[in-house]
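Kindly produce the complete structure, drawing on both the sequences and the hints.
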Amino acid sequence: MNKLLVIAFSFGYLALLFGVAYAAERRSAARKSLVANPYVYALSMAVYCTAWAYYGSVGRAAHQGLSFVGIYLGPGLLAPAWWLVLRKIIRVCRQQRLTSIADFISARYGKSASLGALVTGVCVLGVVPYIALQIKAIASSFVVLTGGGHPDVNSATGPALFTAGALAVFTILFGVRSVEATERHEGVVLAVALESLVKLLAFLLLGAFVTFGLFGGFADLFDQAAAEPALRQLFTFKGAGTSGAEWLTLLVLSMSAVLLLPRQFQVAVVENADENHLRKAMWLFPLYLLVINIFVLPIAFGGMLKLGGRGYDADTFVLALPLASGHSWLALLTYLGGLSAASSMIIVETIALSVMMGNHLLMPLLVRVPAARPEGQRRWFAYLGRIALTSRRLAVLLVLALAYGYYAGVGRQLPLVNTGLVSFAAVAQFLPAVLGGLYWKGGTRRGATLGILAGFAVWFFTLVVPTLVGPGRLPVSVLSDGVGGLGWLRPGALFGLDGLDYLSHGLFWSWFFNIGGYVGLSLAWPPSALELRQADVFVDVFRRRSLAEEIAGWQGRTPLPDVRALLLGFLGKKRTNQALRAFAERFPDALSMNNAQVAGSRYPESVGEEKSVDSPPPSFATADPRLLTYAEKLLAGTLGPASARLLLASVAGAEEISYDNVVGILKESQQLLEANRQLQKQRRQLQRLTDELRQAYDQLQILDMQKDEFLYTVTHELRTPLTSIRALAEILADNPELEAEERERFQHTISREAERLTRLISLILDLEKFESGQASLDRSPLALADVVHEAAEAVAQLARARGTELRVDVPASLPPLPADRDRLMQVLINLLSNAIKATVPGRPGRIAVLAWPAADALLLCVEDNGKGIALAEQHQIFDKFFQAQNQTMRKPEGSGLGLAITKKIVELHQGRIWVESAPEQGARFFIELPLAVPARAAAPFSPSFSL
Amino acid sequence: MRPKSNATEAATPRGQRLLFVAVLFTVLLNYPLLAAFDHNGRVAGVPVLYLYVLLAWLLLIALTAWLVRKKEE
Chain A
16 MNKLLVIAFS FGYLALLFGV AYAAERRSAA RKSLVANPYV YALSMAVYCT
66 AWAYYGSVGR AAHQGLSFVG IYLGPGLLAP AWWLVLRKII RVCRQQRLTS
116 IADFISARYG KSASLGALVT GVCVLGVVPY IALQIKAIAS SFVVLTGGGH
166 PDVNSATGPA LFTAGALAVF TILFGVRSVE ATERHEGVVL AVALESLVKL
216 LAFLLLGAFV TFGLFGGFAD LFDQAAAEPA LRQLFTFKGA GTSGAEWLTL
266 LVLSMSAVLL LPRQFQVAVV ENADENHLRK AMWLFPLYLL VINIFVLPIA
316 FGGMLKLGGR GYDADTFVLA LPLASGHSWL ALLTYLGGLS AASSMIIVET
366 IALSVMMGNH LLMPLLVRVP AARPEGQRRW FAYLGRIALT SRRLAVLLVL
416 ALAYGYYAGV GRQLPLVNTG LVSFAAVAQF LPAVLGGLYW KGGTRRGATL
466 GILAGFAVWF FTLVVPTLVG PGRLPVSVLS DGVGGLGWLR PGALFGLDGL
516 DYLSHGLFWS WFFNIGGYVG LSLAWPPSAL ELRQADVFVD VFRRRSLAEE
566 IAGWQGRTPL PDVRALLLGF LGKKRTNQAL RAFAERFPDA LSMNNAQVAG
616 SRYPESVGEE KSVDSPPPSF ATADPRLLTY AEKLLAGTLG PASARLLLAS
666 VAGAEEISYD NVVGILKESQ QLLEANRQLQ KQRRQLQRLT DELRQAYDQL
716 QILDMQKDEF LYTVTHELRT PLTSIRALAE ILADNPELEA EERERFQHTI
766 SREAERLTRL ISLILDLEKF ESGQASLDRS PLALADVVHE AAEAVAQLAR
816 ARGTELRVDV PASLPPLPAD RDRLMQVLIN LLSNAIKATV PGRPGRIAVL
866 AWPAADALLL CVEDNGKGIA LAEQHQIFDK FFQAQNQTMR KPEGSGLGLA
916 ITKKIVELHQ GRIWVESAPE QGARFFIELP LAVPARAAAP FSPSFSL
Chain B
20 MRPKSNATEA ATPRGQRLLF VAVLFTVLLN YPLLAAFDHN GRVAGVPVLY
70 LYVLLAWLLL IALTAWLVRK KEE
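Those sequence lines, one after another, are chains A and B.
Each residue of the first sequence is one higher than the last, beginning at 16 in our numbering.
Each residue of the second sequence is one higher than the last, beginning at 20 in our numbering.
For the record, the hints were derived by calculation from the structure and aren't laboratory data.
Among the clues, some could well be false.
EDC-like, lysine to aspartate or glutamate: derived pairs with alpha carbons at most 20 Å apart [as the list claims (entries may be wrong)]:
1) B:89 to A:290
2) A:321 to A:235
3) A:722 to A:783
4) B:89 to A:289
5) A:722 to A:894
6) A:321 to A:238
Quick look at which bits of chain A chain B covers, simulated, 3 or more residues with Cβ under 8 Å [said to hold, decoys possible]:
7) 64–73
8) 88–95
Just so it is clear, CB atoms sit at the ideal spot from N, CA and C, and this is done for glycine as well.
Right under this line is the structure:
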């Protein structure tokens, strides 16, 4: 194709990006964000698919079959766990105002400046070749498209350089705009999301063209491929030579990469507008990866079938296929897709690296300076703020220059196929420190530093050194004989470990030393107070607001204007005032209590902002420790946590967190947690006790009611005879002339009623005695037959009066029964007189008393043929005053206490009493009395009947 | 729904279910299970291995989408 046309389209496309980014920034300024939605968020994550994915996947698939998919399947497998891991990282970063992976690791391990610098160094060394790979992709695709055959120096460097330059301008304009790194770059995000769409559509279009245009669909394509033995063996892992270890390594590497690559951290964490956007991104992003990979194998096989043996590099199939079939416009579109894949990666990666380099390599050095010159401090800060921004812009240029230099210097000779994966392995060295930092409070700065250093060293030795072998560089003997001829120092088989593929071997050894160093040293050396606090803040970010965060390291008497000046220098007037106002709203007491002047400088902003800012009121107010912590966080969002801490130390004196203080508070929070658990437990116990108490109370109420009823009945029963006695006595007193016979009758009645009264009272006393458990038995072995006959004689008179026949059938041969004779008599008389009373008038009554032995007991039965007892009442008849309570009955005959007392006496003998009856069928009262006195013969206490 | 309300969501069923799905599919898409599909057979012209990986991946995405959906609130 015409070179000029291709160049025009390339720059036209880049100009479109500028336009889109500009529009997004305008919309963002007008608070009508185009970016704050989950779809753009998920699409921007697709910056994961670089030119390496776009061109390289096909190349890899053409030679190794399915194994390329591991790089995209890994993120898919990790995505469900994002809900736990990525959400936690986002939450921590938002709370701590962290903006890069270096910030994250540095802040977690005691805001260490050296650790931040180390992480930045690893990122730059690991990622710059990866950026170079993108530049190479742009250059070589340009050459292929314009028909240059092999990418030679003259034709390729020009466009590559121009593209790099254009991207640098774009990145500086839209990516490094404000000194506050926490600020989201809406323009960049929208541009990246758009590029993700372009590369997806272009690749799908090409895939559809190859599959359905050049071939007759998937089946036809695979049929043709199956006919070629070389392609046929790519249908399986076995045939393609991909081992299980290599496949697993690819998955694990890509999982860690999608979390830790600087550009992924930038789009997924820093540019995240709302944690809830994760919900959609968790399945949209893997879906994107799946869709963009569907046509990779068809294109690879199509390329091998159509172009195989014609000297084409498989990496260029994506362009060569449409070109060879005469569809140059399709090739141009595909080229633009590749350009978008490369450029979006370069832009985002460069932004992330530039912020890291500025904040972790340069700033920690610069902020140490002002301590020496306190008078010019404020101007120095304002200067530093500008330096921070400028240094980032310079870092963008530096990164791109490094990448371009790498490409121009070594990249064109070196095979770059593995660069992406080696880059993945470099950032994978952060995984132990990051995951450990999120879930393990024991990880320390020393451990993390050693782990990353050791991992990085092994990474370099096992994965980078082999790529440096070649004419004019390292001799081949390094690979075969080891460094210095030492057999155990072979980069491909460290310590003699061979049998693993290149990547698995490198990842295994680097992680082995990394994790070993990290965990080992963390355990060996106790953390500092600051590390302890940060560990608590990170690990427990989802729990209650960490107590540890409240430990203000900054104490003492820092003048408030100094803090203001510090913020003004870095954030500018507007932002400083905003931030202070937000702080005042959150902690009203921190500022207002201190002094009215500060409040004064807060409010008149609407009237005269300039005045309040430029001439802070001459006060001797000191800043609240909370304000210092807040200021530190604000600055951390600008300069990174380590620099922010150093900077604040320059105005507030060294941050002093006493070890005891931190340990004490952490312990306290542990104790609080424990106390909370204990409280919960006690609350449950209390609840149970309350329930029991309520039940007891209810029971008591019932008993109380029963007692009231009992008393009522008793008084009622007592009053009846009393009333008649009194009435008769009055008659006798008022009528002295009463006839003697009449008088005698009255006196007789009075004495009978008095007798009844006495009997009733003694019954009640008896009952009371039984129920209170005071009654005792005077037991002696006695013959039941004697007692029964005696009782029968006692009631014989009554029976005769009623015309009732009384039959006693108790054998004299029964074994002697240990019982209280008088009480037993009372029982029998009660039952017999009840039976006599139950006889129905007009029917000859028959009563029988039977007794027979049972197993170690005697059974006694009193049987009548009277009116019987309804089933429902059979339980109640043993209750006190049941007869009296029963309103349906005629005038009661008897006290209503007889059966209650009978039951008590039987129970006192450890016996049982029950009744079998039916209305008009007579009744049988059974008594079972034990023959042996049980060991616990003491007066039994029957709780259900106690008053 | 603001995230404030789910302070301990890491311990809730949603997080655990998602983690389970991630682990399950990592096992499903690795050796030794993968070896069962690593043969030369083809279904509708497409190699079995390709089809298996693709379908398992799709199922994983569908499951994830189903598990993270918002409950009616």
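Whether chain B covers the region 64–73 of chain A (at least 3 residues having a Cβ closer than 8 Å to its Cβ atoms): violated (count 0)
When you check the alpha-carbon spacing of residue 321 (chain A) and residue 238 (chain A), does it fall within 20 Å? With a Cα-Cα distance of about 14 Å, the restraint between residue 321 (chain A) and residue 238 (chain A) holds, given a limit of 20 Å.
Could you grab the alpha-carbon distance between residue 321 (chain A) and residue 235 (chain A) and see if it respects the 20 Å cut-off? The hint holds at about 14 Å.
Outcome, coverage of the region 88–95 of chain A by chain B - at least 3 residues whose beta-carbon is closer than 8 Å to one in that chain: holds (count 6)
Could you grab the alpha-carbon distance between residue 722 (chain A) and residue 894 (chain A) and see if it respects the 20 Å cut-off? Given pair residue 722 (chain A), residue 894 (chain A) holds - Cα atoms ~12 Å apart, limit 20 Å.
Given the hint that residue 89 (chain B) pairs with residue 289 (chain A), test it: the Cα-Cα distance must not exceed 20 Å. Cα-Cα ~15 Å, so holds.
Decide if the proposed pair is consistent with the structure: residue 89 (chain B) and residue 290 (chain A), CA atoms, cutoff 20 Å inclusive. Answer holds: residue 89 (chain B) to residue 290 (chain A) is near 13 Å, not above 20 Å.
Given the hinted pair residue 722 (chain A) and residue 783 (chain A), is their alpha-carbon gap at most 20 Å? holds, 12 Å
In this structure, only the earlier hint numbered 7 is contradicted, and the remaining ones agree with it.
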